[in-house]
Amino acid sequence: MNNGPTVYIVDDDPSVRDSLSWLLESENLATSIFASAEEFLDAYHHEWNGCITLDVRMPGMNGLELQEQLDQRGNSLPIIIITAHADVPMAIRAMKAGAFDFIEKPFLDEQLLNCLRRAIKAGGRARREQDQRLEIEQRYATLTPRERQVMQMVVAGKANKVIAADLELSSKTIEAHRSRIMSKMKARSLSALVRMAMMIEPV
Amino acid sequence: MRYAKSLFLCCALLVAAQVVAKDTEIRIGVLAFRGVETARSMWSPTARYLSKAVPGYRISILPLNLAEMQRAVDLARVDFVITNTGNYVDLESQYGISRILTLKNRRQGKPYTEFGAVIFTRADQENIQNLRDLKGRSFMAVSRDAFGGFQMAWRELADHDIDPFRDFRKLRFAGFPQDKIVHAVHKGEVDAGTVRTDTLERMAFEGKIELKDFRILNPRETAGFPFWHSTRLYPEWPFAKLKHTSDKLAQRVAVALLTLPADSEAALAAQSAGWTIPLDYAPVHELFRQLKVRPHDNLGRLSPGQIWDEYGHWFVIAIVALLLMIGITAYVLRASHRIAVSEQALRKEVQERKLAEKKLAAHRDTLEQRVAERTQELNLLNRTLQEDIVARTLAEETLRKSESALRTLHDITSSRSLSFTKKVEALLRTGCEHFALSVGALTRIEGDICHIQQAYAPGGEIASGDQLPLSDTFCAVVSQSQDSLGIPDVNGSEFSTHPCFSEHRRQAYFGAPVLVSGLVFGTLSFSDTKPRNESFTKVDTDVLLLMAQWIGGELERTTAEARARQHQAELAHVARLSTMGEMASGIAHELNQPLTAIVNYTRGCVKRMRQNHGDAKVQDIMKKVTTEAERAGQIILRVREFVRKGELRHDIVDLRDVVKTVTEMAKSQIRYEDINIQVITDTDLPLVFADKIQLEQVVLNLVRNAIDAIRERADTNRKLSIHIGRTGDDDVSVRVTDTGQGIPSDKRMEIFDPFFTTKEDGMGMGLSISRSIIEAHNGRIFVKSISEQGTTVEFVLPAHDPALHDKKSVARLKPLRTRL
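Quick note, the sequences are listed as chains A and B, same order.
Counting from 1, one number per residue, gives the positions in the first sequence under the numbering used here.
Counting from 1001, one number per residue, gives the positions in the second sequence under the numbering used here.
No lab work stands behind these hints: they were computed from the structure.
Since we're looking at a predicted model, the values are computed, not measured.
Just to be clear, a hint being listed does not mean it is correct.
[As the list claims (entries may be wrong)] Some chain B residues near chain A, calculated using beta-carbon distances under 8 Å: (1) F1420; (2) Q1593; (3) A1597; (4) R1603; (5) V1625; (6) T1627; (7) R1631; (8) S1745; (9) E1775.
We put the CB at the ideal spot given by N, CA and C, even for glycine.
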């Protein structure tokens, strides 16, 4: 698949998904279409970028079940639920389960495009955050157990002396640990280190 | 049959409401003429039926032979007896037991309340053409004590001047079974015999004999009685109460047995078609009196003429003997006097003669006095006899009247052609005639007003629709006490100042409360402006109470029916609305898809044309296409909004009630089909917060589908089961499983779509509507099906959470949560 943001369209009605794809491509949005939830899941890759439009009511696995499955796979793509008139209660359930938005058919041009753009943006942001988090996690993985222990106490706001007393080590040793942590984590300041700690392990 | 059942139900309900629960042991003695075990199997179902129909009593049977029966009745060890006609009459005259019902005996498939005996000979016995020809012949019967097996024939023979013990060459008693007698006559072992009616026909039916081989002597014809008979007909076995048994209990037992269906287990076991109002057993009494075979210690029941006929020659003999004794006494006296005279010589002749004369005079006086005393005694006896006769005539008259009233009551209430109103009218008329009062009314009491619901007043005193202040009527007293009230004459009674007399001139009154579901509905009352000559008897009260009870029962039944009808109408209305809404939704959904596609395509075109600087005119038209398609979408939206406006009524609902309502409706639809509906319920079921009627509609849809599926199969295993259970943490599920063909797997996805159907005449709305309703209730519905083995459709609803479902939040969400 390509690297730019793509709108993944899952709809069992061929003319609806084809026409939607046609419309979005007129707006220079890349699209990828799937005739069923199963087909989508087979192709799904967690590095995809963009957003998903899901028809709630489909034979076989329905939109809500697909949403659940994606959730379990750690999906970060925003999901826009497309409903026919009758499925409002389902849409509400989808929203509660974390869907980005829902749109009723037949939809207004601008409403749909705005929604998609916001979703892609949010998806991009989420993706960036995810990338960042992955990187920080990789850095964190290079720390020794002792360094991790010291880092947790530093982040908790304890002074070097206190840490030294708690761990029954000399202040000098702590000092050495600390500078190694900063360089391994590529943190330029204490506040940057705290931010990183919060991203990988919310306090 | 249906009527009888419902009458029984209503009566049973009424009775149940009135009786304080305490189980009293009641025993029915039954004559075990074919052994204890047979008697038990014949009558135990009747006891079981009565125990159920007369709540508060545990009713059992006690099989007894003739001697034990006599002892049991004597010691009052039983409360009721079922015994043969002869034995009953015996016990009636000895212990005053009284019949309350007569058995409808089932003979060759039909019920008969009377039976007789047939006297017959072989068809080729040319010399025996009538009963008189039997003189000097041999004759066979069951036993001297057998009522149908001998005594009936004996009476006919006696009427023809034949004494069976003297005039036959030989009289043989063969005992049971009676078939022996028939065979003996057929083989020529005896010249003639007698058996109970229908014995010959039954044996012919069983192929044991041929009817043409026999000739009936003294044949009689009785309308409605198809069997050969030579004797008068007598009533069948009675059901009788003992003296100590209360009339109220007897009446309840009688009503219960009167309404025993002919095809019930109890009736069939007793080889009967149920019971009917008691017949007249006087002919049986006559028979015994005539034959003098039973201890009738009540000479008082004979008329003086009969006494003379019966005992005249004894009187003559007694008088002759008396005269003879007087003669002998006189002779002896005279002789002794002569000896005295000869002994005493002549010296005191004059004195002695005077003395003798005095003595004679004294004797004469004593004799005269004794004759006078005797005459007086006889006169007294005669007077007592006459008084007894009058009393007996009166008692018989009362009995006849109550019997005819009961019969009329039964005829009216069991009529199939009369409406309820007509029946009440007939009851009021009958009541007026029977109680000898001029006005009858059924009233309805509402608060302080007494409404005349229906009236019988030939003089036009009151009419239906009239309203009276309750306090102005005696009905107030009746409804207050919930008991009957009889005032033959207001004057001199505690009611002499009551406004019903002072204002409305009601001088005689007889009323009883009409209870519906245990509450006073109104009264059944009869009244007159004239006082009544006699006070009301126990029988009158019983008849009145029976009428009031029947009316109450009928009212209760019609109310329940009306309620059920209204509920069905409501359900049908909701079903129509849902169908309409579902169709509109379905159409809208189907159209929405292509419209969405049109809008998308044309918009895409417009955008691309703009980018490529395409033909402005075409762009313009494309925009118009978009607008029109959008307009079509809006129209659909409006139609949908319009249909969606149905009211939803959310309540706390027990799914067991929902399933029960539906299965009862379904059962009435498949009453003639061999489909078994089974409901299984888990314990500890949570309630749900829902629109009950809509849920009923869902269950009804599923049950109907299941029944249709089962109908398509002719298998023996035709079962529909409904399982209501708890599922997950807090959900309730209802699973409807049938034993139909199942659904092919490729169709399983579509069955919830609108307009999808596998039935020839189906609309394809049922499951679609069901899904809409269940989803509007935050539930889910799905199908499991194994082809060839049936289908299970299950829906799951969240349990009611009082914190979450306060009425306000539901009302706010309503437009979103429903499709109607």
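Hint check:
no.	hint	verdict
1	F1420	49 Å, violated
2	Q1593	5 Å, holds
3	A1597	4 Å, holds
4	R1603	5 Å, holds
5	V1625	13 Å, violated
6	T1627	11 Å, violated
7	R1631	11 Å, violated
8	S1745	12 Å, violated
9	E1775	6 Å, holds
The earlier numbered hints that this structure contradicts are 1, 5, 6, 7 and 8.
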